[in-house]
Amino acid sequence: MGDIFDIKTSEIKIKGLGEKSIQKLKKIGINTVGDLFYFFPRDYEDASIMRKISECREEEFTVIRGRVIKAELLRAKNRLSYFKCLITDETGIIEAIWFKMPYLKNTIKIDDEIILKGKIKREYGIKMVNPGFIKIKPEENENIENGIGVIYSLSGEITKKLIVAAVFAMLNKYENDIKEIIPQFIKEKYGFISRKDAFKKIHNPKSMEDVKSAKKYFAFEEIFLLELFIISKRGKNIQEEKIYEVEGKKELVKKFISEIGFVLTNAQKKVIKEIYNELNSGKIVNRLIQGDVGSGKTIVAIIILLYMVENGYQGVFMAPTEILAEQHYISMVDVLNAIGIKVEILTGSIKGIKKERVLAEIEQGLIDIVVGTHALIEESVKFKNLGFIVIDEQHRFGVKQRQRIRDKGVAANLAVMSATPIPRSLALTIYGDLDVSIIDELPPGRKEIKTKWLKTENEFMKMIKFIKKKICEGKQVYFVTPLIEESEKMELTSAQELYEKLEYNYFKEEKCAILHGRMSWSEKEEIMRAFKKGKIDILVSTTVIEVGVNVPNAVIMVIMNSERFGLAQLHQLRGRVGRGSDESYCFMVSYAKGDETIARLKVMEATTDGFKIAEEDLKLRKSGEIFGTKQSGISDLKMVDITRDLKIIKAAKESVEKYLEENDWDIKNKDLEYEMLRRYQKKEDKLGG
Numbered sequence: 007m008g009d010i011f012d013i014k015t016s017e018i019k020i021k022g023l024g025e026k027s028i029q030k031l032k033k034i035g036i037n038t039v040g041d042l043f044y045f046f047p048r049d050y051e052d053a054s055i056m057r058k059i060s061e062c063r064e065e066e067f068t069v070i071r072g073r074v075i076k077a078e079l080l081r082a083k084n085r086l087s088y089f090k091c092l093i094t095d096e097t098g099i100i101e102a103i104w105f106k107m108p109y110l111k112n113t114i115k116i117d118d119e120i121i122l123k124g125k126i127k128r129e130y131g132i133k134m135v136n137p138g139f140i141k142i143k144p145e146e147n148e149n150i151e152n153g154i155g156v157i158y159s160l161s162g163e164i165t166k167k168l169i170v171a172a173v174f175a176m177l178n179k180y181e182n183d184i185k186e187i188i189p190q191f192i193k194e195k196y197g198f199i200s201r202k203d204a205f206k207k208i209h210n211p212k213s214m215e216d217v218k219s220a221k222k223y224f225a226f227e228e229i230f231l232l233e234l235f236i237i238s239k240r241g242k243n244i245q246e247e248k249i250y251e252v253e254g255k256k257e258l259v260k261k262f263i264s265e266i267g268f269v270l271t272n273a274q275k276k277v278i279k280e281i282y283n284e285l286n287s288g289k290i291v292n293r294l295i296q297g298d299v300g301s302g303k304t305i306v307a308i309i310i311l312l313y314m315v316e317n318g319y320q321g322v323f324m325a326p327t328e329i330l331a332e333q334h335y336i337s338m339v340d341v342l343n344a345i346g347i348k349v350e351i352l353t354g355s356i357k358g359i360k361k362e363r364v365l366a367e368i369e370q371g372l373i374d375i376v377v378g379t380h381a382l383i384e385e386s387v388k389f390k391n392l393g394f395i396v397i398d399e400q401h402r403f404g405v406k407q408r409q410r411i412r413d414k415g416v417a418a419n420l421a422v423m424s425a426t427p428i429p430r431s432l433a434l435t436i437y438g439d440l441d442v443s444i445i446d447e448l449p450p451g452r453k454e455i456k457t458k459w460l461k462t463e464n465e466f467m468k469m470i471k472f473i474k475k476k477i478c479e480g481k482q483v484y485f486v487t488p489l490i491e492e493s494e495k496m497e498l499t500s501a502q503e504l505y506e507k508l509e510y511n512y513f514k515e516e517k518c519a520i521l522h523g524r525m526s527w528s529e530k531e532e533i534m535r536a537f538k539k540g541k542i543d544i545l546v547s548t549t550v551i552e553v554g555v556n557v558p559n560a561v562i563m564v565i566m567n568s569e570r571f572g573l574a575q576l577h578q579l580r581g582r583v584g585r586g587s588d589e590s591y592c593f594m595v596s597y598a599k600g601d602e603t604i605a606r607l608k609v610m611e612a613t614t615d616g617f618k619i620a621e622e623d624l625k626l627r628k629s630g631e632i633f634g635t636k637q638s639g640i641s642d643l644k645m646v647d648i649t650r651d652l653k654i655i656k657a658a659k660e661s662v663e664k665y666l667e668e669n670d671w672d673i674k675n676k677d678l679e680y681e682m683l684r685r686y687q688k689k690e691d692k693l694g695g
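Number 695 marks the last residue of the sequence shown (the numbering used here); no jumps.
Quick caveat, the hints were computed from the structure, so don't treat them as lab data. Check before you lean on any hint, since a few could be wrong.
[To be verified] Taking lysine-lysine and the BS3-like style, the derived pairs with C-alpha atoms no more than 30 Å apart in a straight line are:
no. : residue 1 : residue 2
1   : Lys26     : Lys255
2   : Lys222    : Lys26
3   : Lys664    : Lys206
4   : Lys115    : Lys644
5   : Lys185    : Lys644
6   : Lys123    : Lys222
7   : Lys357    : Lys530
8   : Lys357    : Lys468
9   : Lys26     : Lys76
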C-alpha cells in the first residue's frame, strides 16, 4: 500500500508549500494528503454556459455572474416573506427572488459577487425565482475566459490560491501512487473512470462532463465504503452463529390469535410466514420489520416470540426507554399469562430482591419472555435458551448493544422494528445487511385520522368545546406537551402547567390525569391501566406515550407546541389515536410562524401515510447523521443524496454483497480496507451506542 492515504506518515510536505501554509490547512482539518485530495470543490463555474444579463432569453436555463446592488427582505400580501436582490453585470440588471428563505438576508449583502443559476422569466424586467446561487469570495474573484472554474469552501486564512496550489502540487507528486480501491469488475459494470482520473477531474476539470464522471465515481465510492463497513462487520457475525432447530409447534400461537379479538391482516400474515420459513430452515433471522403506525408490527413480534417459546426457546423484547418497556409489558402480560406464558420485565429501576429473583428465573428458564431495556445486556443477565430477540425503535440502539444481546442466545435470531417508516433509500443505507419485511396494510375498519393545525387562540377554544362533546359521548383524549415542568428559557406549555390549566379552567367535570417519565413505575402503571379501562377522560402527557400505548377508545390527540416536534415524532403521536373503528382527530397547536414549522405542519395536514411523511421528513431535515440517533444535522454522506440517489445506493449494496461473497467475507484489498476504516472507523463508537 502506498503512503498517499496513510494518515500516520502522509503529512503534507511539498516543495513550494511552506510551514505557515501547512498550518493554515491543518486549521480546517486538512492534515494529510488524503484529507487534501478529498477536499472537493463545492461548485463549478462553467464559462461555456455563462451569459451576460443583456443576452438572457425567456425560459432558458442560464448562469449569470454579477454584483449585488440591492438586497431586502419583504412581505407579500399573503404575509409570506420573500428575499429580493438586484444584480448587475454592467450590461443590465436582473431581479432574483427567493420565497420562504428569510435567512438569506444574513447571507447575501450589497456588493457581494454572486453567481445565479436558474430559468429566466420576463415580467417587468428580467428575473429568476428561487435560483441556485454561489457567493464568490474576494480571493476567488477571478474571471474565467474559457473552461471550468473551481469554487472551494474557504474559511479563516485559507485562500483559493493556497488550496489550488496545494492540490496541484499533490496531484503532480502523488498521482502515480493513487491506489484503485473499487474492484475492477464493478467499475466495468457501471462504467466508472479510474480513481486517479476521478481525483484529477474533480479538482481540475476541462469540462462539466469531467465533473459529472468524477462525481459519479466518488458518489459510488462513498456509499460503497459505507455499505462495506456495515455489511462486512455484521455479515461475519451472522455467518458464525450456531445452527438451531425448531419443531414447528403452533398451538399457543393459535390460542393467542383467537384471544386478541381481531383478524390478522394479509400483510401481517405474509411477514409472519416469511419469518416462520427462516426459523424452520434453521437460518438465522436478521430482519427489519417496517410498517406504518398502527399496522400491527408489535402483534407480529409477539406471535414470533410465542412461536419460539412454544418450541423450547426464550424470547426478549427490548425497548430503548423504561416507559416504553413498561407499556409493552402491560400490553402483553395479561393476555400471555392467560395462555400459560410467563412474562417478566427487567429495567434499570428494578433492583434488590426483585432483580435477583428475575435474574435467577431467566437463567433457570422459568421466564419465557423478558421485556426490558439496556439492562438486558448487562453481564449478570444469563439465559437458559434464548432463541429470539425483538428490538423496538431499532435506531436508538447501537450495533455493539445489539450484538451483546445476541451473544446471550443459542440462536441469535433478531427482528428489529422501526417506530417510524423509513424511506427505502435510508433503509438500504443504514440497514444494509437486513432483510426487510413491510406491513403495508392497516387493520380493517380503521378510518383516516382527521388532522388540523390550530394557529389561533380562537381555534383552540373551539377545539375545547369539541373535546367536551366527544367526552360526553364516552370518548377519551390525549394532550401532549414537550416539557415536564416550566422552563424559563422557553415559552412552552409544560405538562404540569397544562394539566392544571385543563383541570381547573376547561374540564372541571371531567377526569384528568398526568403521565411523565419521572414518575415511579407503580404510578405510571396505575395511570396507564386506568386510562386503558376508561376511568380517565383526559391524559396529559409528555412524549412518553409516543410509542406503545394502544387505547382504541382514545379518539383525540392534541399536540401542544407542535413546532417543537419533528415530522416523524408528530406522526408517531398522531398514531396513538385511530386505533378503533371510530372517527379520530389530531389537533396540532402551534402559534409559531417559522417557514420550517409551516412546511412541517402542512405535510401533516396533507397526508397520514407514514412512508410519504418519512420521505418529506428526509427532504426537510436532509439525511441527518447516518450514524447515531440525531434527528437532524449535516449528513455524513457528502456526495450521495439519499433522498435522490436510490439507484446508486442499491448498486453499491449489491456490489458489496457480491464482492464479499466472492471473497469469503474477507476484504482482501488492503487499500480498500484501509480507506473504509479511515472513513468510518471513528464512527464506530456511535454505531456502538
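- Item | Those earlier numbered hints the structure runs against, lowest number first | Numbers 1, 2, 8 and 9, in rising order.
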